[in-house]
Amino acid sequence: MTSTVRDTPLRMVHERLGATMTEFAGWRMPLRYGSETAEHNAVRTNAALFDLSHMGEIAVTGPGAGAALDYAVCGWPSQLSVGRARYTMLCAPDGGILDDLIIYRQAADRFLVVANAANTSVVLGELRDRCSGGGAAEGSSLETVVTDESAVTGLVSIQGPNGCGLLATVTDLPVAAMPYYAGAYGAVAGRAAWVARTGYTGEDGFEIFCAPADCEPIWDALTAAAASDPDGRGLPAAGLAARDTLRLEAGMPLYGNELGPDVTPYEAGLGRVVRLDKPGDFVGRSALAQRAAEGPRRTLIGLLGQSRRVPRHGYPVLSAAGDRVGVVTSGAPSPTLGKPIAMAYVEVDAGGPFGIDVRGKTEPAEVTGLPFYDRRK
Amino acid sequence: MSVPAELRYTQEHEWIAIEGGTATIGITDYATQALGDVVYVSLPEVGAAVTAGEPCGEVESTKSVSDLYSPVDGEVVEVNEELDDDPGLINAEPYGLGWMFRVRVADGQTVGAGLLSPTEYDALTKSAG
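Top to bottom, those sequences are chains A and B. To convert, note that position 96 of the first sequence is 96 in the working numbering; the numbers rise steadily by one, no gaps. To convert, note that position 55 of the second sequence is 55 in the working numbering; the numbers rise steadily by one, no gaps.
Errors might be hidden in some of the hints.
List of simulated lysine to any residue pairs, SDA-like, C-alpha gap at most 25 angstroms [claimed, not checked]:
id, chain 1, residue 1, chain 2, residue 2
1, B, 126, A, 22
2, A, 361, B, 44
3, B, 126, A, 361
4, B, 126, A, 34
5, A, 339, B, 92
6, A, 278, A, 64
7, A, 377, A, 38
8, A, 377, A, 198
9, A, 361, B, 48
10, A, 361, B, 86
11, A, 339, B, 48
12, A, 361, A, 257
13, A, 339, A, 359
14, A, 377, A, 80
15, A, 361, B, 49
16, A, 377, A, 20
17, A, 278, A, 61
18, B, 126, A, 377
19, A, 339, B, 82
20, A, 361, B, 42
21, B, 126, A, 257
Hint data in this document are derived by calculation from the structure and do not stem from the laboratory.
Chain B extracted, bound-state conformation:
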């Protein structure tokens, strides 16, 4: 189970990479293993406002549908359009080509509170069974 050291994580099995006020968000290797083959992903619109902890999309696999959450407050500035034609990228490279959307983090927000370190996330996946 891959848990890259440079990322942060959420309880909802998403990862977040923050650079210069922009957060890139996807779902973890653990999540893709639980979901199975992703067949469709519904991403928020570019320009949409997102709220930390609120659902902003859906990830659909062969057998199930899961909500996609935003881990931060902000405005969606980019979505991964490759996923329209090839949602399987999420399974193949959950941390790479399978990234989902980018958010410009709202000014003044302290990002980090509530996010899990790689060690904490790894422990979460193990306790989830």
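In isolation and in its complexed conformation, chain A is listed as follows:
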């Protein structure tokens, strides 16, 4: 059986820009276009464009959609106002995390669930099991319907402090005034889109959901807007490598690294996404309530490398006595901080200082709070 790798609607753009492509979750994606450090720095100081069409988009619709999602996820989506979004998690009955999600309320009876590319089919299956029907007759207007819209949804993201100004020149939406974690329907480069002020970089930015055929025109319009500004610094493309170092600096977890089925939101320091205060049952409630009461036995910490050697996923974290007390979940050189940064799970009662076993040699690491980088400071 041959596995098919899918191309995104922006395949020709990546080719034209000379991207180094990589396979990720069954998609051919741009890893970098030139220097991933330069792409990272562009997001921090200017703006850059990302192709995120590999992400999964699942619509949950119907008058009972909110209540259905309240049962399906840890959060409380029915409380969202129209035009607002919330970060949340889909958990298993034992409290383990199946995916982290952003849920946008696009209308009173329409929610857009955005899932990680690698987990889209799992999320779709779970939402169908947990949400479908809502006790209403099939085909009735009261029914909750779960629809996979990934194949008909493209996603272009502009991230960085100059992104808002650029986007404003090609859209009718009042984006400058849009609150963080809000979204609206509008036109970008004359194409219908759902525009949200969300992102995975720790900078201001917008995610533009559109028809696949409109991705390239929207991308080109934003690039042209930047090019026509004589005082501007252009609008480079940024790939998955920069996306990873940006989210790591911003202390954001990555499913498969910090998040997984053997971890609850509490270990990841994200207990705030679990709304034990919402009425009614939800999948994982009793296990999560128990973990909340007992406290997690591992905790996610930030580490700063003291040498150039980078702590990486899977490397042991050692106590001063040399005992293994944890494991690195993500690590990379930080362009903004100028030293390696890492996140790691350590035993909750383990005290520093810590060392990291980097391929046989212990490198000292300094514990630091998360995020490593905060744009407001």
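Since the structure of chain A is already known, use the hints to place chain B on it.
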């Protein structure tokens, strides 16, 4: 993809220039493109003995770590200390300022066997995809 005509190459994407019994070694343009931005390089010590085909250091980029091999037997006589502060020189000038280490080739060794010509190396990079 730059493959200078005056150098020789290895399967591990390194280049070697030999002059008067001393070999200068670095990694190729192809290698730097595959690695991305180099953030750290661990070079052998001056005075260390190196063996052809054996790892003698590491090249670390944003996303990965690769072994550095010696293409020849001999003794390390010089390392590029500029790379401590500026490993990005490897990306900027893989064949120039990004050179990595120099080896005095062991007496009696026939250097050349196992090394690739520019044409052979170019073909290798194209078949690697």
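Each hint tested on the structure:
A threshold of 25 angstroms between alpha carbons decides the hint, and for residue 126 of chain B with residue 22 of chain A the separation of about 17 angstroms falls inside it, so the pair holds. For a cut-off of 25 angstroms, the pair hint linking residue 361 of chain A to residue 44 of chain B stands: about 16 angstroms separates their Cα positions. Between the alpha carbons of residue 126 of chain B and residue 361 of chain A the distance comes to roughly 36 angstroms, so the proposed pair goes past 25 angstroms and is violated. Of the supplied pair hints, the one linking residue 126 of chain B and residue 34 of chain A holds, its CA atoms being roughly 19 angstroms apart against a limit of 25 angstroms.
A C-alpha spacing of about 20 angstroms is found between residue 339 of chain A and residue 92 of chain B, which places the hinted pair at or below 25 angstroms, so the restraint holds. Restraint check for residue 278 of chain A and residue 64 of chain A: satisfied, since their Cα atoms lie roughly 16 angstroms apart, inside the 25 angstroms limit. Note on residue 377 of chain A and residue 38 of chain A: the hinted pairing holds, with a Cα-Cα distance of about 22 angstroms set against a maximum of 25 angstroms. As the CA atoms of residue 377 of chain A and residue 198 of chain A are separated by approximately 19 angstroms, the hinted pair is consistent with the 25 angstroms bound.
For the hint pairing residue 361 of chain A with residue 48 of chain B, the CA-to-CA distance comes to about 19 angstroms; that is within 25 angstroms, so the pair holds. Pair hint residue 361 of chain A plus residue 86 of chain B holds up; C-alpha atoms about 22 angstroms apart against a cutoff of 25 angstroms. Note on residue 339 of chain A and residue 48 of chain B: the hinted pairing is violated, with a Cα-Cα distance of about 29 angstroms set against a maximum of 25 angstroms. Taken as a hint, the residue 361 of chain A and residue 257 of chain A pair is honoured in the structure, with Cα atoms around 22 angstroms apart against an allowance of 25 angstroms.
Taking the CA atoms of residue 339 of chain A and residue 359 of chain A, the gap is about 18 angstroms. The hint holds against a cut of 25 angstroms. Annotation: proposed proximity of residue 377 of chain A to residue 80 of chain A is violated, straight-line Cα distance about 29 angstroms (limit 25 angstroms). Taking the CA atoms of residue 361 of chain A and residue 49 of chain B, the gap is about 21 angstroms. The hint holds against a cut of 25 angstroms. Pair hint residue 377 of chain A plus residue 20 of chain A does not hold up; C-alpha atoms about 34 angstroms apart against a cutoff of 25 angstroms.
Between residue 278 of chain A and residue 61 of chain A, the direct Cα distance comes to roughly 21 angstroms. Compliance with the 25 angstroms bound is thereby established for this hinted pair. This hinted pair does not check out: residue 126 of chain B and residue 377 of chain A have alpha carbons roughly 47 angstroms apart, beyond 25 angstroms. In summary, the hint linking residue 339 of chain A to residue 82 of chain B is supported, as the alpha carbons are separated by about 18 angstroms, within the 25 angstroms threshold. Of the pairs offered as hints, the one joining residue 361 of chain A and residue 42 of chain B holds, with about 13 angstroms between alpha carbons and a cut-off of 25 angstroms not exceeded.
Using a Cα cut-off of 25 angstroms, the hinted pair residue 126 of chain B and residue 257 of chain A is violated, with the two alpha carbons roughly 34 angstroms apart.
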